[in-house]
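Chain F is already provided as a structure; the job is to place chain X on it using the hints.
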Amino acid sequence: MRLTRIHFWMAGALAVGLSTAAGLAAQAFAGTTATPIAQTSPMHPTFALLDADGANVLASGAPVSTSRTCGVCHDTAYIAAHSFHSDLGLSASAPAGEVPNGQPWETSVGLYGSWDPITYRYLSPAGDLRIDLTPIEWLKLNAARIVGGGPAEQAAGVEMDCFLCHLTDPGHVERTAALSAGNFTWANTATLITTGIVSRSGDTYTYNASAFTPEGELQPAFVTVHDPSNANCAQCHGLAHSSPAPLTTAGQDLTQRQTATTGQIVSAQKISQSGMNIADKADLAWAWDLHADRGLECVDCHYALNNPVLVQTSAKSQPDSVIFDPRRLEIGEYLYRPSHEFARGESAQYTVSADLRSTMRRCETCHETTKTHAWLPYTEQHMSEVACETCHIPSLHAPALRSVDWSVITPAAEPILEWRGVEDATGTLQDLITGYEPTLLQRADADGKTTLAPYNLVTAWYWLYDDPAGPRPVRLEDLQSAYLSDGDYHPAIVQALDANGDGLLVDGELRLDTEAKQAMVRGRLEALGLTNPRLAGEVQPYSINHDVVRGEAAIRACDTCHSSDSRIGQSVSLAGSGPTGVTPTLLGSGGLSLNGSITSQDGVVSFTPATEGLYQFGSDHIAWVDWFGVFAVVGVLVGVTIHGGLRYSAALRAKKPHGGPVKRVYMYSVYERFWHWFQTFAILLLVVTGLVVHRPEMFGVAWFEQAVLVHNVLAVLLTVNAALSLFYHLVSGEIQTFIPRPYGFFDQAIVQTRYYLQGIFKHEQHPFEKTPDSKLNPLQQITYFGILNVLLPLQIATGALMLGVQSFPQMETWLGGLPFLAPFHSLVAWTFAAFIIMHVYLTTTGHTPLANIEAMMIGWDEVPDLDVPMPTEPTAQPTSGD
Amino acid sequence: MKGIQVWLTGLIVTVAAIALPVLFFSTKPVEAGISPAAALPQHTIHTSHVDLMPGPYATGQEVTMACLTCHPDSAGEVMKTSHWTWESEPFTVPGRDEPVTIGKINQINNFCISAIGNQKSCSSCHVGYGWEEGTANANLAQAENVDCLVCHAQSSYAKGSYGDPAEGIDLAAAAQSVAAPGRAQCGSCHFNGGGGNGVKHGDLDTSLSYAVAETDVHMGEFDLVCTDCHVTHEHSIQGRLVADNIVVEPSEQVACTDCHVGAVHTDERLNTHTSAVACQTCHIPSMATQDPTKMYWDWSTAGLKAEEDDHYTYLNIKGNFEYATNVQPEYVWFNGNLAERYLLGDPIDPSRPTMINLPAGAIDDPTARIFPFKIHIARQPYDTEFNYLLAPITAGPDGFWTTFDWDNAFRLAEARMGLAYSGNYSFTETWMYWPTTHMVQPKENALQCNDCHTANGRLDWEALGYPGDPMDWGGRTPQP
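Residue numbers (my numbering), protein chains in the order written: chain F, 1 to 882; chain X, 1001 to 1480.
Errors might be hidden in some of the hints.
One-sided and incomplete, this derived list gives chain X residues near chain F with beta-carbon spacing under 8 Å [what the hints assert, rightly or not]: (1) V1006; (2) W1007; (3) V1013; (4) F1025.
Simulated from the structure, these hints should not be mistaken for laboratory data.
Cβ coordinates follow ideal geometry from the N, Cα and C atoms, glycine included.
So here's chain F without its partners, still in its complex pose (with noise of 0.2 Å):
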């Protein structure tokens, strides 16, 4: 009874503590007294909020130093000076047009002073005639994604914000309004406001004593430290959603910025939860994101470089005798000075700290991938071509950013942006989401490995000036100059781009479709002072790593890939309505192969990626080979038929063929006759098959799977009957019969040629005898030696290597690949195909046209028994045919 107590007190106990924490979080609003709403931190000790000069700030007054605050355990030096989140590209700068890759007006590649033609302003180079944004006014606009230090400290003093991300709850909003004001001095301690520890009071802020020990120390229930969590990164990243509730969210908002650009939402909820009006959603019966649903978060894949626990040591730097290196960081050392420079992917965008790219680990880092794919033909190869996320992101099912136009702008000084995903996007939850499948194209990785992955392409186009230093895209307040006047459109931007003529400029209007009205808006902007005034287009790469599905979910379908309509190669479209005449260029870094065609017409532009180096079973086929093959079965087919033919009219005409006498001869043992069953059956089987695993769009995709297994069983047959059967043929001598003999052969074959010619039709005997020891004529000789000598082995031999590409790969390479293994064994198998036509055919030959076939079945043969005279025809020596 005592465990039933303990029960129930606990459940009383949750109750009171919902129904407080409820009353709590309501009075926390109601502001006078600081009340801490955010979960505490378990372990955290509490600590004192010290100001600049290191004085308590309840006796100063003065704004909260993280530095100092935090200095006092941590060494925040070191940890500013180890953040590429603060630095932001700073410590990278480099004059304008010496910033390797980037444009000629960029000044890092990190987010302060990189472009980024999504966000349009930048901060424009040193000696610009013309400045869009100083670095005051570039911290001010990019508040919201600021963490402090780094340019932040140097233009105004800002340190880095610890708050920002080790808090429950941080007041990101109030602190980024802040920032925007300008209101510098203060912004950090801004971030403190949902903690109940500061109000606001005009432009500064004043401490709550009650959130306070007498001693001047935090209360324990106001310290919410913590490691950063999904909520924490969202704040700059994109749309991470973690309660129950089902999640909304209409999408298409560019603070969430990689949710904006990819479609990538971070949740554990399922799809077919959410509250979206999303295509099919019932069938989407997974999580967002398996690894928020596995519980796993940002900071898990993204750690801390230093971090003891999850720090790789490359196997590269160890001797093979060791596998796991226990000398690291003691957990105190670390947390004493724990790295800010994060574990981080391959993204083409911001390229700052190149040095640390693709320091995260990889999927296969953590997950074992043979046994699971053993499913998968050709596994290895696979491993080697296609990125993980290429099937394990198959779609996204969110808005994408597709493309973005500043070419023109609205009255509100936004740019024209098309979406992919989503239908008729209006921004609002009923938009139908219709999802998207990313492009796929080929990344060289850190590994060395180049392998397909998936990336979302988002087109931007806008004015280039030339400023005496250098081109420059042309300012926002200089556009909207050139398209605005109080407010709305000047009346010369109506005229010439008001298609109806109604005075409005509705959407569709709203675009530089002529070379009238870009002449006409580059004279505005020459007027402007600008100097060449052009249009310009450029694509960039978004890559897609989160958002992955599991297995059941992947792309397993084979023909996704391998068929005619591959996603592999597939063209996107990149933008419905862009300025005509002006092709964006291709954008591509972090490793990233942006090969491929832009097409451009009416201003819709799509991207075809090369698929060079790449062969894809399915996909592509050499043409040449199957005609080649078409062309050899359908002639021997005809020729036979006239063959055929003839012979039937000149039968009609004799008045009885093949008189005289026969003698019955034991002419195929039971072995051979088994032997060529055998192989009859295996090889029509195997070009049946084969045929459907060539090409499976023509004969019967359903089939695949069964045709792959039945064929690669039946090669193993017929290789084994072959080599049995080539044991037998050597013990017993018969092997004699099939090897042309050098003496005389041309002779004879030209015989027996002119006897398939002529003399068949006039009813001569055949020229040369057919007895056990001696069943083939010269012609049949050449040819089964061609066939069981040559095209058999061959066969099997690619059809070995091909089975076998994953066992030697580079046996396998040496001989040219897949890329010719493949054809070159579908080329073998259509003279198969040819050789059986001929081959049947010519069994008709004998004496009656079912004679040959009767003696392969039943073993006797019955041939003019040339013991007995023939009265009418002349002496030739009978054999038979095939």
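Chain X in isolation, oriented as in the chain F frame:
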């Protein structure tokens, strides 16, 4: 012809030499595991009773006598079951000198409180006829009082006062429609327990009559009926409700594992859960997905005409309610038995909630698993002098539902049930735990890691007795 025979033999050998290896490799190994459907009972072939039950019948008892001519043992079988006796086997309960039985016949709940004394209404869910207050011994001894129709009539039947057929029922038509009980027959009482659809159980309501897979995968997708799991032998139906028992022998209970045997999950990590987590916990992520279920019942406002009558918020005869849909269950350790059952006359502490029943189990009980419950909370009357819960008479001409006089309702109960009443009453909070075990949802809806193993997951690890999330801190059984 011998040649042809040789040829045919050869052909067969050749084809076999090719076909056998192909077949051998084509046949995929059958997944280890047994289809759950294999354990389902065979349904008997229906015999039409149209010609067997010509009628006419004046009373229900006449129908029963007709049934017994062909099924002579059936009434006797029914009379051994709790559907008839309305009480459990005797249990030894701590604090009681003699073994006690529990059931509607002698105990209360926190819905309509007491069936005894209110037979006029409550007997409509008794499998018998003509049970009036105070006639239990005489009535329950008569085989002809067994109501065959309530479970077997497929149409044309309903019960009225005292368990008798409702006015105007065509008993012959009802008798001719008999067949094995379906969902409608079981559901006529079990979907409406507590006085209405979905009141008592969060996992049983009329949405199951025509269930869709999302509500109940067994009934909606595979078209199971109640008796497919509640296997019935000689009218004894497997499966016990823990609220009316103290100890339920596993052999009496229905378990998921009766049908779902072996390693049921392909992911080994999930199979390691089954020693600590009941199947229901993950596979019934929410209750009352279609029809709302009653979560709270405040009797203290009954009779006050406190609000306009509304089925889901207030009825003058019953007081205030709260209903909810898509309810997330409460999770506690449960070993299949009760730790506590409030028995009539037990003292209460009115300053805190009284547990009418409390599931048994704890983290250190290896037979206990984390199990989902609906907790129904009520404010119901108690005697402020004797400090025990009262059982008002509500039905009938003198009952509370007619007179709205609590005092009189308790005095009537004193007379009918012998429960002394001091003359002073008030209202106190009581809790009942209702196990959630029906309405198993499709596997796609089952809880995932994140539902429990996150900072704000469903399970309160420390309340359950863990030092923290067992994914981080380890479970109660060491991992191999």
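Exercise. Does the structure break any of the earlier hints, and which numbers would those be?
Worked result: Hint check: nothing fails, all pass.
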